[in-house]
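Q: Each chain, letter by letter, is given below.
Number of protein chains: 4
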Amino acid sequence: MHTHTMSQDEMKACIDACTNCHHTCLQMAMNHCLRVGGNHVEQGHFTLMMDCARICETSVHLQLSGSSFSAELCDVCAQVCDACADSCERLDGMDACVAACRACAESCRAMAKAVH
Amino acid sequence: MHTHTMSQDEMKACIDACTNCHHTCLQMAMNHCLRVGGNHVEQGHFTLMMDCARICETSVHLQLSGSSFSAELCDVCAQVCDACADSCERLDGMDACVAACRACAESCRAMAKAVH
Amino acid sequence: MHTHTMSQDEMKACIDACTNCHHTCLQMAMNHCLRVGGNHVEQGHFTLMMDCARICETSVHLQLSGSSFSAELCDVCAQVCDACADSCERLDGMDACVAACRACAESCRAMAKAVH
Amino acid sequence: MHTHTMSQDEMKACIDACTNCHHTCLQMAMNHCLRVGGNHVEQGHFTLMMDCARICETSVHLQLSGSSFSAELCDVCAQVCDACADSCERLDGMDACVAACRACAESCRAMAKAVH
Numbered sequence: 005m006h007t008h009t010m011s012q013d014e015m016k017a018c019i020d021a022c023t024n025c026h027h028t029c030l031q032m033a034m035n036h037c038l039r040v041g042g043n044h045v046e047q048g049h050f051t052l053m054m055d056c057a058r059i060c061e062t063s064v065h066l067q068l069s070g071s072s073f074s075a076e077l078c079d080v081c082a083q084v085c086d087a088c089a090d091s092c093e094r095l096d097g098m099d100a101c102v103a104a105c106r107a108c109a110e111s112c113r114a115m116a117k118a119v120h
Numbered sequence: 005m006h007t008h009t010m011s012q013d014e015m016k017a018c019i020d021a022c023t024n025c026h027h028t029c030l031q032m033a034m035n036h037c038l039r040v041g042g043n044h045v046e047q048g049h050f051t052l053m054m055d056c057a058r059i060c061e062t063s064v065h066l067q068l069s070g071s072s073f074s075a076e077l078c079d080v081c082a083q084v085c086d087a088c089a090d091s092c093e094r095l096d097g098m099d100a101c102v103a104a105c106r107a108c109a110e111s112c113r114a115m116a117k118a119v120h
Numbered sequence: 005m006h007t008h009t010m011s012q013d014e015m016k017a018c019i020d021a022c023t024n025c026h027h028t029c030l031q032m033a034m035n036h037c038l039r040v041g042g043n044h045v046e047q048g049h050f051t052l053m054m055d056c057a058r059i060c061e062t063s064v065h066l067q068l069s070g071s072s073f074s075a076e077l078c079d080v081c082a083q084v085c086d087a088c089a090d091s092c093e094r095l096d097g098m099d100a101c102v103a104a105c106r107a108c109a110e111s112c113r114a115m116a117k118a119v120h
Numbered sequence: 005m006h007t008h009t010m011s012q013d014e015m016k017a018c019i020d021a022c023t024n025c026h027h028t029c030l031q032m033a034m035n036h037c038l039r040v041g042g043n044h045v046e047q048g049h050f051t052l053m054m055d056c057a058r059i060c061e062t063s064v065h066l067q068l069s070g071s072s073f074s075a076e077l078c079d080v081c082a083q084v085c086d087a088c089a090d091s092c093e094r095l096d097g098m099d100a101c102v103a104a105c106r107a108c109a110e111s112c113r114a115m116a117k118a119v120h
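Chains as they are written, first to last, in our numbering: chain Y, 5 to 120; chain G, 5 to 120; chain U, 5 to 120; chain B, 5 to 120.
Keep in mind that the hints are not guaranteed to be accurate.
Pairs involving identical chains hold if they fit within one copy or between any two copies, as the list cannot separate such chains.
[Unchecked claim] Below, simulated SDA-like cross-link-like pairs (lysine to any residue); rule was C-alpha separation at most 25 Å, straight line:
hint, residue 1, residue 2
1, 117, 42
2, 117, 99
3, 117, 43
4, 16, 36
5, 16, 35
6, 16, 102
7, 117, 41
8, 16, 43
9, 117, 96
10, 117, 97
Hints are computed from structural coordinates only; laboratory data are not their basis. Computed from a predicted model, the values in this text were never measured in an experiment.
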């Protein structure tokens, strides 16, 4: 557990980035990827999309709850977001997802450092 | 299952209302209610706060996924939101939660009707 | 809200059925369906698999929490489980999922009736 | 990402331990702790109970999904479970929760190591 030194504004920004990444990944996986098929439903890629949505959703939950473990989860979240962005960059039509994942990864890394 | 006749804008509005209600209920339950204590941690009230957060989170998930059962879940979500708003109205300092729950209930009822 | 008249054993059985259905649908969607491809990743089918996993997970959450809205959610859960079972019956290698969904639908319908 | 070297049996055991811990923490928080009140609804303790339930639920989700990040999440899960067990040991009537948390922490630590 940590002494939380992040400002309310910084945490609000991280919650917003995670919410946006959660929504974008889930919506694109279930609508864009399933409709396009092919590489978009390859197991490794699709699993990363769903993992990323779920971890971001959990990160939002812990931050809103005032959890002492938000930093630890944000650290994992940043890793998943970067892996998802890498996978999306290799496919067509996933620019919105790449942008959401990179922004979330950056915000989560700042959060993970601030509270350690 | 239903023919979805709601516009993208209306669904976007419902997702936003559910997201806001989810965040407000969870944050207030875990921060405000647990700190204030007394009536705010009475089992019936606190359970409604957490139920409401969870149902709204699930409603967001189904709508983003393009689920055929979004209307059925929105119907339950509207009921939980109204019950949570009623409970919050009997306590001090819960105005933000009342407003978020009422707005979400209204949006979910519109969603539930539109697709039937 | 309802007078809960279900026994602890009946609720335990419903929680177990929902947990099993959640686990089976999620595991088969992300492992079996994504690997097999073709009809198994058709949007309608795959969305039902993921919906079913999520609704069952939420049903478990509400029942464990002692929610007053467990019956309403179990009613929706039974509908999703039956739709998912119907979809799985049209595909190869989904017998375990059909069985888990049918058992969960039956248990959820009993739960939904008992508390009304 | 890692080469997964854990056996199916070991992962099954970890999923079961996380499921049991998730169910036990959530049920005891929302039923036992809210009913007993006093120290049981002190913010630090109650937040740990809900964090632990949520992280275990997410750990189950990632493992069932075949996620490449199960190990990273299990590492965080083990830390939360131990903190929750420590908190529960200082209160009356929480023996079942202590046992579920310790067993889950041990299983998650094995999982986190096995795949690195």
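Q: Could you run down the list of hints and mark each one as holding or not?
A: Against the structure, the hints:
With identical chains, the CA atoms of residue 117 and residue 42 are never at most 25 Å apart, being 38 Å at best within one copy and 34 Å at best between copies. For a Cα distance limit of 25 Å, the shortest separation of residue 117 from residue 99 qualifies neither inside one copy, at 27 Å, nor across copies, at 34 Å. Proximity of residue 117 and residue 43 under a CA criterion of 25 Å is satisfied in neither setting, with 35 Å inside one chain copy and 32 Å between copies. For a Cα distance limit of 25 Å, the shortest separation of residue 16 from residue 36 across copies, 17 Å, qualifies, whereas the shortest one inside one copy, 29 Å, does not.
When the C-alpha separation of residue 16 and residue 35 is checked against a cutoff of 25 Å, the pair qualifies only between copies, where the shortest distance is 15 Å, while the shortest distance within a copy is 28 Å. For the identical chains of this complex, residue 16 and residue 102 are neighbours both inside a copy (21 Å) and across copies (21 Å), given an alpha-carbon limit of 25 Å. Neither within a single protomer nor between protomers do residue 117 and residue 41 lie at most 25 Å apart by alpha-carbon distance, with minima of 38 Å and 32 Å respectively. Neither within a single protomer nor between protomers do residue 16 and residue 43 lie at most 25 Å apart by alpha-carbon distance, with minima of 35 Å and 28 Å respectively.
Taking the shortest Cα distances, residue 117 and residue 96 never come within 25 Å of each other, neither inside one copy (33 Å) nor across copies (36 Å). Within a single copy, residue 117 and residue 97 get their C-alpha atoms no closer than 32 Å, and across copies no closer than 33 Å, so neither meets the 25 Å cut-off.
Comparing the model with each earlier hint shows violations of hints 1, 2, 3, 7, 8, 9, 10; every other hint is respected.
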